[in-house]
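Undergrad: Chains as they are written, first to last, in this note's numbering: chain A, 1 to 131; chain B, 1 to 148; chain C, 1 to 610.
One or more of the hints may lead you astray.
[What the hints assert, rightly or not] In silico DSSO-like links for lysine-lysine, alpha-carbon gap of 27 Å or less: (1) C:K483 / B:K74; (2) C:K123 / A:K94; (3) B:K67 / C:K225; (4) C:K321 / B:K58; (5) B:K58 / C:K225; (6) C:K123 / A:K22.
[Unchecked claim] With the C-beta cut set under 10 Å, the calculated list includes, among others, these residues of chain A facing chain C: (7) D13; (8) G29; (9) Y30; (10) G49; (11) F51; (12) L66; (13) E114.
No lab work stands behind these hints, which were simulated from the structure alone.
A virtual CB, placed ideally from N, CA and C, is assigned to each residue, including glycine.
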Amino acid sequence: MSDFKMKILVVDDFSTMRRIVKNLLRQLGYENIEEAEDGAQAFTKLKQGGFGFVVSDWNMPNMDGLELLKNVRSDPELKDIPILMVTAEAEKEKVITAIQAGVNNYVVKPFTGEILKEKMDKIFERLQAQR
Amino acid sequence: MENSLVMDEVLQLVTFSLDQEVYAVDILNVQEINRITGITKVPNAANYMEGVINLRGKVIPVINLRKKFGLQNKEVDDSSRTIIMDIQGVTYGLMVDSVSEVLRIPSDVVEPPPPLASGMAGMFIKGIAKLENRLIILVNIDKLMGQS
Amino acid sequence: MEEIIQEFITEAEESLEKIEPRFVELEQQGQNTDLLNEIFRSMHTIKGAAGFLGFQSIVDVAHASENIMKRLRDGEIDLSKPLMDAILKSIDMLRLLLGHLNEKDGVEENVAPLVQELGNALKATMSRTATGDAPLQNPAAPAAAVMPAAQITEPVKTEEDGPEEEEESHMSGAVQKPAEAPAGAPEISAVSGVGEHKPNEIIQTAKDNIQKAQNLRVDVSRIDKVMDLAGEVVLVRNRLLNISNYFDMKYSEDPMSEILTESVSFLDRITSDMQLAVMKMRMQPIQKVLSKFPRLVRDMSAAVNKEVELQISGEGTEVDKTVIENIGDPLTHILRNSIDHGIESAEERVSKGKPAKGRIIISTYQKGTQIVIEIMDDGKGIDLEKLKMKAVEKGLMTEEETRKMSDKDAIDIIFLPGFSTKEVATELSGRGVGMDVVKTNISILNGYVEVSTVKDAGTTFKISIPLTLAIIQALMVEVDGAKYAIPLSPIEETLKVMKKEINNVTGQNVIVIRDKVCPLFDLNSILGLGLNGHDDFEYKYLIVISMGDRKFCLAVDRLVGQEEVVIKTLNGLDSTSSYVLGATITGDGKVVFILDVAGISRNLLGLSKV
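Go ahead and model the full structure; you've got the sequences and the hints to work with.
TA: This is the structure in structure tokens:
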């Protein structure tokens with residue numbers, strides 16, 4: 001059911017992390033992956049269009065993950081892009097804020113390929129069900 | 001296994017002459033052999049430091065082996081050569097009277113240097129190869145550019 | 001995988017390097033949310049990535065440290081010295097751990113005591129906060145303070161299995177929410193009204209950020225390769241210039257020769273531009289070196305019970321990679337010296353009417369083709385009489401000699417090998433080892449140091465280094481038939497003098513230039529070449545060299561001209577005794593040595609009274 005051609009944006013200020021996430025996504029079969037260093041850069045990239053999914057870190061300079069999420073959700077063109085937020089530990093308040101801001105799911109570092117797949121599957125299942 | 005044994009037993013040497021003697025160095029250390037041209041003298045250098053040359057864009061010091069071994073000096077002539085070699089990671093040129101041949105010898109003909117090898121050259125000798133009608137002095141190149 | 005680990009090590013080390021000076025800033029500025037946020041984020045990120053890679057020790061240390069930072073950031077606790085010490089220790093430990101990873105030495109550090117210490121430091125601070133400011137605080141905070149140690153580990157465990165389901169239920173609602181949320185009353189005004197501009201603004205700043213962020217991590221060896229190749233191109237360019245000049249003279253009527261000249265001069269321009277571009281690739285902000293100093297100064301001054309404030313300016317100044325690699329040690333030595341010998345104790349300072357806290361200012365700026373680094377302290381200055389006495393005592397010079405010495409020369413005594421003015425060797429400055437190293441290291445970079453000092457006002461070290469070390473402008477000269485290149489930067493002027501204009505004063509040749517006496521040396525004899533110390537010349541060319549505050553002349557047979565030369569490193573040669581700092585290959589393929597004028601100046605003038 002997964003569309004492996006889907007363009008995915010990985011957002012993290014730490015390039016090692018971007019690489020790790022990219023590798024995991026590749027292991028799952030996704031090939032069309034782009035990177036952004038922070039929310040601001042991510043937003044610009046997203047505006048260029050064509051992205052089907054975003055995996056974003058929370059803590060970033062310039063524009064953090066939550067801000068990015070809010071900006072995406074309030075942008076008429078982008079508002080439907082599913083976003084998976086990466087957090088370091090489950091901070092309830094933060095997660096709740098993110099949910100209120102419209103995050104599709106979140107995943108806690110460190111995670112494996114399977115966990116990532118699970119989370120992504122859940123997101124897409126739900127989106128499917130909605131349609 | 002057998003191959004490596006055979007390899008161990010054969011030494012491949014480049015032989016060259018200085019004064020009346022024939023010397024040799026391991027071919028593995030030799031990069032190339034050149035004629036002597038365009039040497040630039042080094043200011044305030046040791047007497048055996050002949051100068052530096054431009055080897056395809058790299059600046060390489062040239063050692064006058066006669067002087068290094070404390071032998072009498074000789075003018076550069078048509079047969080003079082520099083043996084470009086790698087000594088402990090640094091590329092040097094060794095200036096010799098002439099380069100003779102590449103030689104394969106069994107390692108068991110090499111004897112340790114005589115205990116009281118005469119002259120400056122003594123400390124740079126690794127061993128002496130005794131062939132049918134001649135002696136070849138094996139130079140210990142690692143000692144050549146040590147503390148000097 | 002290996003690559004990722006390597007990248008992680010580099011990136012984590014860079015992050016640590018970046019945040020370390022922030023701590024000292026914090027200590028000085030007190031609570032600054034932006035700083036705290038930045039520090040927290042870096043630590044947090046390191047932890048996250050380390051978790052993926054399975055580096056548990058790093059995760060543990062970073063986690064314990066991050067815990068403190070989080071509370072600092074959220075204003076739950078205030079920064080205190082013990083807390084800071086613990087955090088700095090954690091940074092040291094992380095460095096050590098990264099070092100082991102890098103070395104692949106398999107060494108395991110026991111991080112448990114440090115993690116414990118971090119926990120304890122936090123606990124101690126929190127209980128203090130709790131008893132002190134409790135009534136003013138959010139009631140939740142003191143409650144949390146009761147069991148901080150437990151709390152450190154708690155959240156990690158709970159998230160994975162337990163709350164997942166619970167969270168899922170929120171999630172399901174969340175999916176439709178985003179589409180509808182903006183329709184909610186408060187948001188709508190923001191979107192349609194003022195908010196209209198907001199997305200545009202974001203794009204604007206985002207674009208700026210992209211421009212800043214477009215970086216490519218490149219292996220240094222690749223850049224060096226390009227650098228080498230660029231050097232080769234310069235050599236070929238020089239050769240072609242020679243050839244085209246030749247054709248231009250010989251076949252000036254031939255239109256092809258004109259085309260050749262044109263093409264070569266075009267190549268000439270491009271080559272210069274390329275050189276500059278490649279050079280810039282190697283340039284890095286000096287901040288890379290300076291960033292470790294706030295911490296260093298903090299630790300060093302604490303070790304000798306002094307209070308010292310470090311100010312840094314011009315840290316964005318870009319210098320060649322080689323400078324970055326070699327300037328750290330000399331700067332450290334100078335700082336040590338200033339803290340140890342320069343800055344007085346608080347009591348002494350107060351009695352002199354100075355602020356109790358000493359101050360050291362490091363400022364970096366570009367001046368022409370030189371980079372200048374100044375290290376200025378407001379300490380007691382160097383006692384020249386004491387220096388001279390010491391030098392005599394140590395048998396380094398006679399009393400007679402010291403009496404004739406100018407103040408400038410006297411200061412240079414500190415650069416003599418093994419010299420120290422402190423009777424007791426201290427932990428910091430050791431036994432005078434160091435200051436001579438400063439001079440040596442800086443002359444390796446083809447630079448020089450000047451010292452100026454005012455009693456009770458302080459001492460300033462001024463280091464000047466050429467902007468680039470790979471390609472320099474040089475004056476080609478000829479001595480006894482051999483060509484040499486002299487770096488252009490220290491050359492003040494060139495003169496042609498008749499033999500009779502050269503005087504000899506007590507065995508030293510001198511020449512009077514505009515009423516000033518300047519010592520003169522024959523390059524031929526300095527370089528120990530050829531025995532023909534010919535006196536049979538009619539005139540000589542003099543190169544007037546000024547190094548810092550010193551001036552002297554080198555006599556040569558002929559001036560060949562100015563050339564841009566590529567410095568080739570010399571392996572297998574003792575370049576110190578040879579007075580050469582490198583060699584270059586000229587258009588005709590010959591090797592020409594580039595003279596080390598700083599070395600010549602040091603050896604010839606040294607501490608002599610000129």
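Undergrad: Are the hints correct? Go through all of them and say.
TA: Structure-based check of all given hints:
1. C:K483 / B:K74: 25 Å, holds
2. C:K123 / A:K94: 24 Å, holds
3. B:K67 / C:K225: Distance of about 36 Å is beyond 27 Å: violated.
4. C:K321 / B:K58: The hint holds at about 21 Å.
5. B:K58 / C:K225: 13 Å, holds
6. C:K123 / A:K22: This hinted pair is violated, its Cα atoms lying about 39 Å apart.
7. D13: 7 Å, holds
8. G29: Violated - the Cβ of A:G29 stays beyond 10 Å from chain C, reaching only about 19 Å at its closest.
9. Y30: 18 Å, violated
10. G49: 13 Å, violated
11. F51: Since the shortest Cβ distance to chain C is 15 Å, the answer is violated.
12. L66: 13 Å, violated
13. E114: For A:E114, the interface hint is violated, since the closest Cβ of chain C sits about 13 Å away, which is over 10 Å.
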